[in-house]
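Q: Note that the protein sequences, when read in sequence, are chains A and B.
By the numbering used here, the letter at position 37 of the first sequence is numbered 890, and the numbering carries on one by one without gaps.
By the numbering used here, the letter at position 475 of the second sequence is numbered 1328, and the numbering carries on one by one without gaps.
One copy or two, either will do: identical chains are not told apart, so a pair holds if it fits within one copy or between any two.
List time: in silico DSS-like cross-link candidates among lysine-lysine, alpha-carbon distance up to 27 angstroms: (1) K1327 / K1060; (2) K1108 / K880; (3) K915 / K1196; (4) K1327 / K1052; (5) K1052 / K1298; (6) K1298 / K1060; (7) K915 / K880; (8) K1245 / K1231; (9) K880 / K1078; (10) K977 / K880; (11) K1303 / K1052; (12) K1052 / K1078; (13) K1231 / K1196; (14) K1060 / K1303.
Rather than coming from a laboratory, the hints here were simulated on the basis of the structure.
Chain by chain, the residues:
There are 2 protein chains.
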Amino acid sequence: MPGKGFVSNIARQSEDFPGWYNDVVRKAELADYSPVRGCMVIRPYGYAIWESMRDELDRHIKRTGHQNVYFPLFVPRSLLEKEAEHVEGFDPQVAWVTRAGGEELSEWLAIRPTSEAIIAEVVKDWIQSYRDLPLLLNQWNNVVRWELRTRLFLRTAEFLWQEAHTFHATEQEAADEVATGLEAYRAVSEDWLAIPVIKGRKTENEKFPGAVYSTSIEAMMRDTKALQAGTSHMLGQNFARSAGIDFLDRDNQLKAPFGTSWGFSTRMVGATIMAHGDASGLILPPNVAPHQVVVVPIFRSEDDRAAVAGAIERLETGLADVSTASGPLRLWVDWREETPGFKFNHWELRGVPFRLEIGPRDVAAGQAVIVRRVDRLKETLPLDSLAAELPKRLADYQAHLFQRAIDFRTANTHHVDDMEAFERTVEEDGGFIHAPWCGDGACEKRVSEKTGATIRIIPFDAADESGRCLVDGKPSERRVLLARAY
Amino acid sequence: MPGKGFVSNIARQSEDFPGWYNDVVRKAELADYSPVRGCMVIRPYGYAIWESMRDELDRHIKRTGHQNVYFPLFVPRSLLEKEAEHVEGFDPQVAWVTRAGGEELSEWLAIRPTSEAIIAEVVKDWIQSYRDLPLLLNQWNNVVRWELRTRLFLRTAEFLWQEAHTFHATEQEAADEVATGLEAYRAVSEDWLAIPVIKGRKTENEKFPGAVYSTSIEAMMRDTKALQAGTSHMLGQNFARSAGIDFLDRDNQLKAPFGTSWGFSTRMVGATIMAHGDASGLILPPNVAPHQVVVVPIFRSEDDRAAVAGAIERLETGLADVSTASGPLRLWVDWREETPGFKFNHWELRGVPFRLEIGPRDVAAGQAVIVRRVDRLKETLPLDSLAAELPKRLADYQAHLFQRAIDFRTANTHHVDDMEAFERTVEEDGGFIHAPWCGDGACEKRVSEKTGATIRIIPFDAADESGRCLVDGKPSERRVLLARAY
Chain A
854 MPGKGFVSNI ARQSEDFPGW YNDVVRKAEL ADYSPVRGCM VIRPYGYAIW ESMRDELDRH
914 IKRTGHQNVY FPLFVPRSLL EKEAEHVEGF DPQVAWVTRA GGEELSEWLA IRPTSEAIIA
974 EVVKDWIQSY RDLPLLLNQW NNVVRWELRT RLFLRTAEFL WQEAHTFHAT EQEAADEVAT
1034 GLEAYRAVSE DWLAIPVIKG RKTENEKFPG AVYSTSIEAM MRDTKALQAG TSHMLGQNFA
1094 RSAGIDFLDR DNQLKAPFGT SWGFSTRMVG ATIMAHGDAS GLILPPNVAP HQVVVVPIFR
1154 SEDDRAAVAG AIERLETGLA DVSTASGPLR LWVDWREETP GFKFNHWELR GVPFRLEIGP
1214 RDVAAGQAVI VRRVDRLKET LPLDSLAAEL PKRLADYQAH LFQRAIDFRT ANTHHVDDME
1274 AFERTVEEDG GFIHAPWCGD GACEKRVSEK TGATIRIIPF DAADESGRCL VDGKPSERRV
1334 LLARAY
Chain B
854 MPGKGFVSNI ARQSEDFPGW YNDVVRKAEL ADYSPVRGCM VIRPYGYAIW ESMRDELDRH
914 IKRTGHQNVY FPLFVPRSLL EKEAEHVEGF DPQVAWVTRA GGEELSEWLA IRPTSEAIIA
974 EVVKDWIQSY RDLPLLLNQW NNVVRWELRT RLFLRTAEFL WQEAHTFHAT EQEAADEVAT
1034 GLEAYRAVSE DWLAIPVIKG RKTENEKFPG AVYSTSIEAM MRDTKALQAG TSHMLGQNFA
1094 RSAGIDFLDR DNQLKAPFGT SWGFSTRMVG ATIMAHGDAS GLILPPNVAP HQVVVVPIFR
1154 SEDDRAAVAG AIERLETGLA DVSTASGPLR LWVDWREETP GFKFNHWELR GVPFRLEIGP
1214 RDVAAGQAVI VRRVDRLKET LPLDSLAAEL PKRLADYQAH LFQRAIDFRT ANTHHVDDME
1274 AFERTVEEDG GFIHAPWCGD GACEKRVSEK TGATIRIIPF DAADESGRCL VDGKPSERRV
1334 LLARAY
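Can you build the whole structure from these sequences, using the hints too?
A: In structure tokens, the structure reads:
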């Protein structure tokens, strides 16, 4: 196995997954701790990955008729407290500005943990009639939730995200919008990040504070734990009523609009790392990889160097107009003064899909050695075939990583019918467990207290299936998805 | 003059420029006040304008080798206070988080007014050797400066911007970088926003707190006042020394790197409004206009409607692949149930470069009426010429607005040599005034106290010219640029 000796001193993925994750994030220079407790610094390589998924999601958001806006960072305390469940859910995590401009503020300002409260207050003036609906807004911004235990990308006191906020004349339209948001997240996760997801509804205990119901997509990480990869909420008329929004409907009646909100965050950079990575570090899907192909020149003498440099220059010219599914081919030539072995290891740690090795004998033969990151499959290809081959191989690799993740999830998904089997499966196998549940919140709490596994979602595609609840044996109509989760 | 009766109740630009500005911003739905003192809400139309200039500047930033990153929103008090001039400059404007997660914080956290302090502290660990330099970072984010008197886009407590932060081995490299940043701003202002600018150096009194020197570009608004449209600062070794950054140079000596920072903000949306707008509202350069062409269908009967709709549909198909300097042609068809006059006024207020009027007689004749926003120049064009004509006309219109702004600036630029003439020019004519100054900060203060006009910059292209200072008559070597300013 090439490069084994070089494994960059990252913790073993198979033995210490959290240690492996932290090492990869820091040593591949994706992010780092900061002088502010719980806040991270996103470094260039990590930010480029975020930009790629952000831009792809932004295209989905615009294509489905949403418009970008910007609302203030601050939410006055009185506004945050208008919706009772909402304030109860977020108050313990709020960071408060109490002084500004050299004075105590007469009203404290929350750093937004999310923007439902301030947006409802503002759009009250924009929504007068059914003609003003639907109102489909989105913003990309930073939010703050004071977390006690933080992890780079996965849970940080400040994070970057997108929050869509929409208002509709009817409940049905709002329900359709909740689905539109979730579908955008599925598309970005599966088609861009190669992470398969399961859509479903959250339980009452797990829904967004202030929502009527919440939906999410759930993904499996390489340690078989679940990660919630995007949430979309039906707010009903809750926030509209609290803020006093009403509109004159076609039937000449004043009504409160129905709202939705949905969010997707820098957490998904963490998900991308944990869904694909292996013992040597990151494995990036080509759509999101900052470098899709890295060229490592190999030479000893100055003459060889010149020959290799000439060939690489011709190659770069030949590849200048090559397109991939995510835009122009992103090729990088590593001319640093380091050994080839150092470079192989450097780019393997960073998850670059393909590396091209070009030495003097390759130049003479008009060929290059291409090595695929995920399985180190090595082939020799004619240099003049690369303009045609690379886009195809990148597309195949993208599909391959997606299938690999599906296969991994399938291999780690279990169906159990009673508590004893459930506990054993959680402890011995982990993974996703589909099991019957009666719908009672008390049973839900019992399971999580006993096993640490929680009901992730009630999958939308769960078939009707009579059974008996894992906990109290009462009738269950379908299986829910349980797992230990991030 | 069409549409005159409709002028949307905006204040007269010629009599009340600030009132006109505020009306345009609010009635064209660019931005609005928010429930948080001094903070604004950027609405879809205003945000689309910001996105356009942001994306264009981001392309410049990346093309010149900078990488995007993200640093925390919070700056611990002890870090903000490390650089003495810096804290003195910003402390009065800081918003402080003193409580979070239900507890008093042991150390207050500033909401970043700018990020020099926290970035220097973090990159200390990234910079060990000359090989780690230059370090060219940029971030797009929100900052907060508690302002007493705020104006939408121009001066708000929170604003969006880009802040580049770079570190270099030599002073010369850093000086070149200061110029690179300023040149990016010139290019976006002139080539994208059609706003001519003058580059120059700020005086000692006006430089960035903590900088060695500051440079800026200055633009003229339609009321002849100046607006600083982007600043680029030489930080020297100030922040590096305060944070204790050092690197091992090629000569094996430990040295502090030289820093720069440069920023460009949502203020430029305000500049775009004020540099081009007229009595009827916004005038947008095509590169930045969310809609470049709006089609207004004109019909009375249902039959006419059908004929017009058919022609517009064919037109849209024919224009689907048309490109402009700022991407695919942005065409909007206004099918709202309103009168043509209402729509003309609506889109004039919003500054759309061209409107196309298509009625049944036009359809029969295979033509459309095209009206250019800036001067209401009206022409009739064959429908099948539009795919070729529109990109050309948009490019011409972009150039025309730039030339119009240059002409306006030229007509409102004055050269004076003594205080009496200066005072009279400021009062009676306004505009840009080039006058001799000895370089003494006391004279600078005197001028601004007496006239409200300030030294904007010492223009880079100011010719050597012996003269006597406006204020104290001491020798002056070149003229400086003075103006009343935003």
